[in-house]
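So the chains spell out like this:
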Amino acid sequence: MYQSNAWQPTATITMLKARAQLLRQIREFFYARDVLEVDTPCLSLASISDPHIEVLTSQTRTLGQEVTYYLQTSPEYAMKRLLAAGAPSIYQLGKVFRAEEIGRRHGIEFTMLEWYRLDFDHWQLMSEMDDLLSCLMGQAICSERLSYAQAFERHLGLNPFQASLEALQQACHQHTEFGLEENDRDTLLELLFATVVEPNIGQQVPCFIHSYPASQAALAKQQIDEHGQAVAARFEWYWRGMELANGYHELTDACEQQQRMQQEMAERAQHKQVWRQADERLIKALEKGLPECAGVALGVDRLLMLLLDQEHINHVMPFAGANV
Amino acid sequence: MASYSTSELRSGNKVMVDGDPCAVLDNEHVKPGKGQAFNRIKLRNLKSGRVWERTFKSGDSLETADVMDTDMEYLYTDGEFYHFMATDGSFEQHGADTNAVGDAAKWLKEQETYVVTLYNGAPFAVQPPNFIELEVTETDPGLKGDTANGGSKPATLSTGAVIRVPLFINIGEVLRVDTRTGEYVSRATGK
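Heads up: the protein sequence lines correspond to chains A and B, in order.
The letter at position 210 of the first sequence is residue 210 when you use the numbering used here, and the numbering goes up by one with no holes.
Count along the second sequence from 1, then add 1000; that gives the number in the numbering used here.
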């Protein structure tokens, strides 16, 4: 991939000035709200258990010993360890890394804004995100809020919790020619969401999708919604066809967290994915006690793309793609 | 059997889908916020020419299709097969049936070079050159002087193809034709 003549930046200098201003405004926003900036390490001795995210690693020798460092995919575990150790509400603005395909909206390295608010639930956090965006845009923004079920009913005419497996397979097949032999409900739901729902939400104002199926909780609490349905206290933020942020009313139960981690590691093993050291220090921190909080991770480069009307993520980063 | 991972497929790769050889035109990575990643792959079915999109889980594999494009010169037809010979000096010959030749049949001219697609070593598609020069064997008499104004008339060419030509064209003239659209381009120069 390396070429000696690919020396130039992939963003214009004008774009980089806008980027610098955005970073400054974000810091001012949190400073004004008394949220503490932290910068946890990029390199960690352990990593996440998520079966769908691949991690970059780096090998070196330290004190005569071969050591594998994992590049952080998000500062989530480290920030929660800080919270369990008594930190107040905190935010981090920094680089994260994923061993993924690069493309129009994906880079292997990107800038993430992640923050945790003590004693917030995810509804309060969504409101604060609207405040942040209003501040960045200089105009009042009020995002739409749709539950996962409402979004499916509106754009696919089916209820994601009640539809039979066969109905999901048929719907998936109709839209993508995939799915007749897929027996995993979440896989079918995720594909339907990505191909049918996502392009149709948040076109005018941004849209929060909340109350995900409990099986897609990741690191969120599980709750019973007003229809008696078990859902995850998780939300995602979509704007003009782009996924911008993913947040939770954070799971604080160490046992539940440990079960989910073990289940994900088992899933990785079952699919013969590369083994990695899952960071069990998160469990230890939860055992010590994670305060009630809500947290969210936001893709800063993607936000910049939307604010500046850029089609490609490379155009808002100093160096990207084959120029890094 | 060799195979490609769906996440590694690139434009130009040839793979088997639903039992037919297909050419990959585009591969878009679909990654939900959390969860399974997919690849949305645009394909051209090399048998039917149909272009469509299929979605696969990232990491699933697709069998490679043993498909090769070869330049071949058209020799003759025996009524059942159309015979071609490789132009790479190997003199390798192949007989293509009417299915394989398809619409290209009306553009087959001896000593002209075609792209013959071999699938498992046998021809299954024939693509004519974009432009071909053919003689008019039948058409109404030409109208002298009418070289500019729009009118047209049908003309039968030496291969049997019937195309619309300007009114001034006569039997025996050699025309340059666009095989993709079946349209008259000009009178042939040279030859």
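Simulated from the structure, these hints should not be mistaken for lab results.
Mixed in with the good hints, there may be bad ones.
As the list claims (entries may be wrong) - With a Cα cut of at most 30 Å, we get these calculated DSS-like pairs of lysine-lysine:
#1 A:K95 to B:K1057
#2 A:K288 to B:K1034
#3 B:K1047 to A:K272
#4 A:K288 to A:K272
#5 B:K1042 to A:K272
#6 A:K95 to B:K1034
#7 A:K272 to A:K95
#8 A:K284 to B:K1057
#9 B:K1034 to A:K272
For each hint, the structure was consulted:
1. The hinted pair formed by K95 of chain A and K1057 of chain B meets the criterion: a straight-line CA distance of about 28 Å does not exceed 30 Å.
2. With a CA separation close to 27 Å, the supplied pair K288 of chain A and K1034 of chain B stays within the 30 Å bound.
3. For the suggested pair K1047 of chain B and K272 of chain A, the alpha carbons sit about 36 Å apart, so the restraint of at most 30 Å is broken.
4. With a CA separation close to 33 Å, the supplied pair K288 of chain A and K272 of chain A exceeds the 30 Å bound.
5. For the suggested pair K1042 of chain B and K272 of chain A, the alpha carbons sit about 28 Å apart, so the restraint of at most 30 Å is met.
6. At roughly 19 Å between alpha-carbon atoms, K95 of chain A and K1034 of chain B fall within 30 Å of each other, so this suggested pair holds.
7. Our distance criterion of 30 Å between C-alpha atoms is met by K272 of chain A and K95 of chain A, whose separation comes to about 28 Å.
8. For the suggested pair K284 of chain A and K1057 of chain B, the alpha carbons sit about 35 Å apart, so the restraint of at most 30 Å is broken.
9. Restraint check for K1034 of chain B and K272 of chain A: satisfied, since their Cα atoms lie roughly 19 Å apart, inside the 30 Å limit.
When held up to the earlier numbered hints, the structure conflicts with 3, 4, 8 and fits the remainder.
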